[in-house]
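Protein chains: 2
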Amino acid sequence: MSIRELAQHLNISIGTVSRALNGRSDVNPETRKRVFEAAAKFGYVPNQSGRSLRQGTTNAIGFMIEMNSETSLHGDTFFMSVFAGVQSVFKAHHLDLVVLLCPFDDDPYEHLRRVVSRRFVDGLFISATQRHDQRIDYLIEREIPFMALGRSLSGGSHPWIDLDFEGVATAAVDRLVARGHRRIGLVKPASELNLGYVFAEAYHAALVRHGIRPDPDLVVRADQTSEEGGYGAMGRLLALDERPSAVMLVNEIMAIGAYRRLHDAGLQAGRDVAVIGFRQSPQARFLSPTLTCFDVSLFDLGCRLATGLLATMPAYRDLYPVGLVQDIWPMTLVPGESDPPLLV
Amino acid sequence: MSIRELAQHLNISIGTVSRALNGRSDVNPETRKRVFEAAAKFGYVPNQSGRSLRQGTTNAIGFMIEMNSETSLHGDTFFMSVFAGVQSVFKAHHLDLVVLLCPFDDDPYEHLRRVVSRRFVDGLFISATQRHDQRIDYLIEREIPFMALGRSLSGGSHPWIDLDFEGVATAAVDRLVARGHRRIGLVKPASELNLGYVFAEAYHAALVRHGIRPDPDLVVRADQTSEEGGYGAMGRLLALDERPSAVMLVNEIMAIGAYRRLHDAGLQAGRDVAVIGFRQSPQARFLSPTLTCFDVSLFDLGCRLATGLLATMPAYRDLYPVGLVQDIWPMTLVPGESDPPLLV
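Quick mapping for you: the protein sequence lines, in order, are chains A and B.
0 is the number of the first residue of the first sequence in numbering that gives the first Met the number 0; add one for each residue after it.
0 is the number of the first residue of the second sequence in numbering that gives the first Met the number 0; add one for each residue after it.
Bound conformation, chain A alone (with noise of 0.2 angstroms):
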């Protein structure tokens, strides 16, 4: 369907749908909405040349996400889900989603400023956020809407959401603490990821809460956010004087090197050494003994992350009234057999 049919089933003029649907502040909510209710019902896809360069409008989001080792060699088990999602929100306004890999050696802000500079997306969700994340300044000085997958000390009033670190980490040390452990360890991620920060913030306070004196050498960063630096952080935390007799990971991946390194000591994860892992992937779903995780719906994160983004957007934002989107996406515990009570 062209604009003018469009224009016409509507009865208003081809110039007020244009302006409606390049989202100009001189139509009014009303009309805007019908316009894109309109859209959507007749599949209306614009004409796209010259389009991008002269309005910003391309019809393409893009979807930054970091190449690393361990998805080069092992597949992505996260984002696929998160996209489906993201796609099943856009699909009514025929948006669509491109996913900008910035390469492992690549510097993001660097990757981010071309992606920016090449104009092909009209908007930008960006995952993996730094402690400080000079990526956010970038987008809000250029008033791009865009939308992080985490949080980060920069920024302030943009959209985010991010999983409940906090709420993980608390409910793993309060579930330890419970059955009897209070010499946990934790691996962190190898990176200055701010989850990592998050995580481990959250675990000191639910130590100091339960009368716990956090020990420092129980904390310790995996060289790579693989199984190999499951497998290298669980070796460091086994050759500790006193070695820990609860471990928590900060990603699920990690547990997969974890057992294999209890294993190789003569060790077993849950009889000697408790493990709780993050997220439960469909890798660690073949652990055995299973592993204790928290599950976490990725394609409702999508479509939140996809409403959030929309809302911010002038052309979208009438049509998702959600305001400023800043979440704490919940996890629910999966218990399983790696963390079982301390025998004393």
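Quick caveat, the hints were computed from the structure, so don't treat them as lab data.
As the list makes no split between identical chains, a pair holds if one copy fits it or if it spans any two.
Below are the SDA-like pairs computed for lysine to any residue, each with C-alpha atoms no more than 25 angstroms apart in a straight line:
#1 90 with 109
#2 90 with 108
#3 90 with 126
#4 32 with 323
#5 90 with 115
#6 90 with 72
#7 90 with 223
#8 90 with 118
#9 90 with 190
#10 90 with 312
#11 90 with 112
#12 32 with 90
#13 90 with 107
#14 90 with 133
#15 90 with 106
#16 90 with 105
#17 90 with 68
#18 90 with 300
#19 90 with 129
#20 32 with 7
The structure presented is a predicted model; accordingly, all values stated were derived computationally and were not measured.
Given the coordinates of chain A, work out where chain B should sit on it, guided by the hints.
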């Protein structure tokens, strides 16, 4: 570094550098090579504003993949490794890889047309090629540089790389026959994917070569390319009056479901029914008994895909004098415990 500085460094005119970078045929190959080497060395990135529409040069290459229920739920363990290989080649040319996610309920042909009309990529990889694939004809007709991952009856002189489905099917039948099996089942993928046909034809030919009359009942199509699909397909094979003693799968994820179906029937993979999977995926690594399957370097495959595409693009052709790439990509048998000799 600006184009002016690049020209000064090379001691040639800005106009010549510009023509070389834009793949114009009036630049001699030696000069073009020098320009590109210097551009790569000094990290020259062209100013994008206005370029893409004027010249069709965006410095972004798209890779179209299709979402399906399996990747949405369980993630992708294939493409990320391929992307890493592609990026390793693109890096020198400051080309960015952009992943175009065709939603599972969208028509791949329509999706492609939309992508092309937006003109934000200079070239394309397509995957999941169908037996007859409109996308290939469309791209050829419009003279858009592309490379297909997967063969098709469409096209002809376009570049493609495909996994060696014949080789795998043949090796699997040969191995099973050598181990005493004559009643060999085959589980094909759900859709009209070309690989299903290629695999089934090679399976058929290998049986005939061994003097075994192919039984159409032994070839079943999975409802979906997933664990569930493997579960259902194995169920249908077990329900035959005379069940197979061995089963070949054209997708490794289905192996997980096939194992479970055998287990639920009181049977065990390897002991009661021999199973050979396709690719050695990260998930399949956790199967017990270990799955006999085939290994492939996806990183190397990605490098070759990139090289083969660049070889068709005027701006890069001289740097990659590999001609028309139409490769069958080899896979290596990884013997497991799932297909022991038949006990008689």
